[in-house]
Amino acid sequence: MNTASPAAVPVTPQTFKSDTKPIWCPGCGDYSVLSSLTKAFAMLELRPENVVVVSGIGCSSRIPAYTSCYGFHGVHGRALPAATGLKVARPDLTVIAAGGDGDGYSIGGNHFLHACRRNVDLTYIVMDNHVYGMTKGQPSPTTEPDWDSKLSPGGTGLRTFHPLVIALAAGANFVARAFSGDPNGTARIIADAIRNPGFSFVEVLSPCVTLRPEQREWKTQVHAAPVGTTDDPARAARRIMTDDGFNIGVLYAGNRRPYPAVVQKGTRRVEDLETEFVL
Amino acid sequence: MKARKTQRPSVRRKLPAARSPGDNARPAPQSTAKGGEESEFLARAWAMEVEAVERYSILADAMEEHNNPEVTELFRKLARIEQLHADGIVEHNQSLRPQETMAAGKLPWDQSEGQETADPGDLHYRMQPYHALQMALAGEQRAEQFFMKMARTARSASVRKIALEMAAEETEHVRLIEDWISRTPRPAEDWAYDPDPPASGE
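Chains A and G are the protein sequences, given in the same order. If you count the first sequence from 1, you need to add 50 to reach the working numbering. If you count the second sequence from 1, you need to add 23 to reach the working numbering.
Incorrect hints may have been included.
With a straight-line cut-off of 16 Å between C-alpha atoms, the simulated EDC-like cross-links for lysine to aspartate or glutamate are [claimed, not checked]:
| id | chain 1 | residue 1 | chain 2 | residue 2 |
| --- | --- | --- | --- | --- |
| 1 | G | 184 | G | 60 |
| 2 | G | 100 | G | 84 |
| 3 | A | 71 | G | 84 |
| 4 | A | 71 | G | 87 |
Which bits of chain A does chain G cover? Going by a derived footprint, with three or more residues having C-beta under 8 Å, they are [as the list claims (entries may be wrong)]:
| id | region |
| --- | --- |
| 5 | 79 to 86 |
| 6 | 113 to 120 |
| 7 | 136 to 143 |
| 8 | 232 to 244 |
Note that these hints are calculated values from the structure, not bench results. Cβ atoms here follow ideal geometry from the backbone N, Cα and C, with glycine treated the same way.
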């Protein structure tokens, strides 16, 4: 995490917003996640030039364009490899990977596992709406098995993916669940995630009011986690496995040493490396 | 509506710059220092208005992107009104430095959001001005309740006094919005019907 120098102009959430207006559907939870992200950056007194937001493909993956930070809108499911490489090469930057449940848990599922395992010091924010929104409503890994739609008549019948448990089992050093309808609470969780060393995973329940209008009710279902943060993975696993999916808060904050502990400074110039690639 | 709301005398313009003489008669005042609870309260009131401005602006942008010009304009108008309220708090409390009091980027609320901040989850791409005004009304009512609670529970007598004035102003805002709603066409039952809906599952 790289904070502003004391002499710098004070930052506000607005500092981190670009002039590009979001084209998400009215009522989409992702608006609030964007707001939370910029508030978290301001809380931590980061500078836009020291932050990179990396994404894959999907509605929520448009988020880098709406910030004034450096951004990389990459390949479907591949936000984490790009973010990992960037952080290892430039540990001085604050790196955020962001995207949706389809992008992160299906197309990018393998990268998710190994990003948790590698424990590189970055923060991964998944805006989970339990559906592929951009492509008009196919079931995603977190879609309920009995969700009936034209594209999944009678539901898929498939067990849902449990991202928090999987993140914990795979080695993520910080696991939290947030809700887009609580932007300030989400901002605090994101700030905690950025502060915590190693790989931090924040699952944000972010309703898709267009394809899953019933998710408007999430605001009446979410509740603060009844117990505090733990650094005991076994205890955290029990809590997460037995909760109702609507517990909000930092559920696990561990002490694993991030990778790499010491960065080898490169000795070769970019121009030299380019000669090894044939286009 | 805008002219009425912005031109009428504002209670916020009468906010005392310092402790009022009557404070000693109030029960158990524990803090009356301008630099303490009162300035924090005013900074929070200011932040509440600013957060409402930001949210209305975001909602306006969203509706503009989805080609709903009527609601776009209404949200922009609400944002301008809230900005005037925020400016009024600073203009008439010259010693107040809300940004410094709240500190850059620090969140002002213990709870989720400020009382006047509209819930973006209430948006619908086919919503009409009537719906937007209902959102605004709910915000003003929450603000009214907040200031009334502060008027009862604040430790500082000066804060209780200011909160009472602000509650009265929010009550007036509620009345104005209700009047605005009464002059706004009520949507038809099938206002949300879209013959070409975005969701293929419908």
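Structure-based check of each hint:
Between the alpha carbons of residue 184 of chain G and residue 60 of chain G the distance comes to roughly 13 Å, so the proposed pair stays at or under 16 Å and holds. A C-alpha spacing of about 13 Å is found between residue 100 of chain G and residue 84 of chain G, which places the hinted pair at or below 16 Å, so the restraint holds. The straight-line distance between the Cα atoms of residue 71 of chain A and residue 84 of chain G is roughly 7 Å, inside the 16 Å bound, and the hint therefore holds. Distance hint between residue 71 of chain A and residue 87 of chain G is fulfilled; the C-alpha atoms sit about 10 Å from each other, no more than 16 Å.
With a cut-off of 8 Å between beta carbons, the region 79 to 86 of chain A has 4 residues touching chain G; three or more are needed, and the interface restraint holds. Counting residues of the region 113 to 120 of chain A whose beta carbon lies closer than 8 Å to any beta carbon of chain G gives 0, which falls short of the minimum of three for the stated coverage. Interface restraint, the region 136 to 143 of chain A with chain G: violated (0 residues with C-beta to C-beta distance below 8 Å; minimum three). Against chain G, the region 232 to 244 of chain A contributes 6 residues with a C-beta closer than 8 Å to a partner C-beta. That satisfies the three-residue criterion, and the hint holds.
Violated hints, in rising order: 6 and 7; the structure is consistent with all others.
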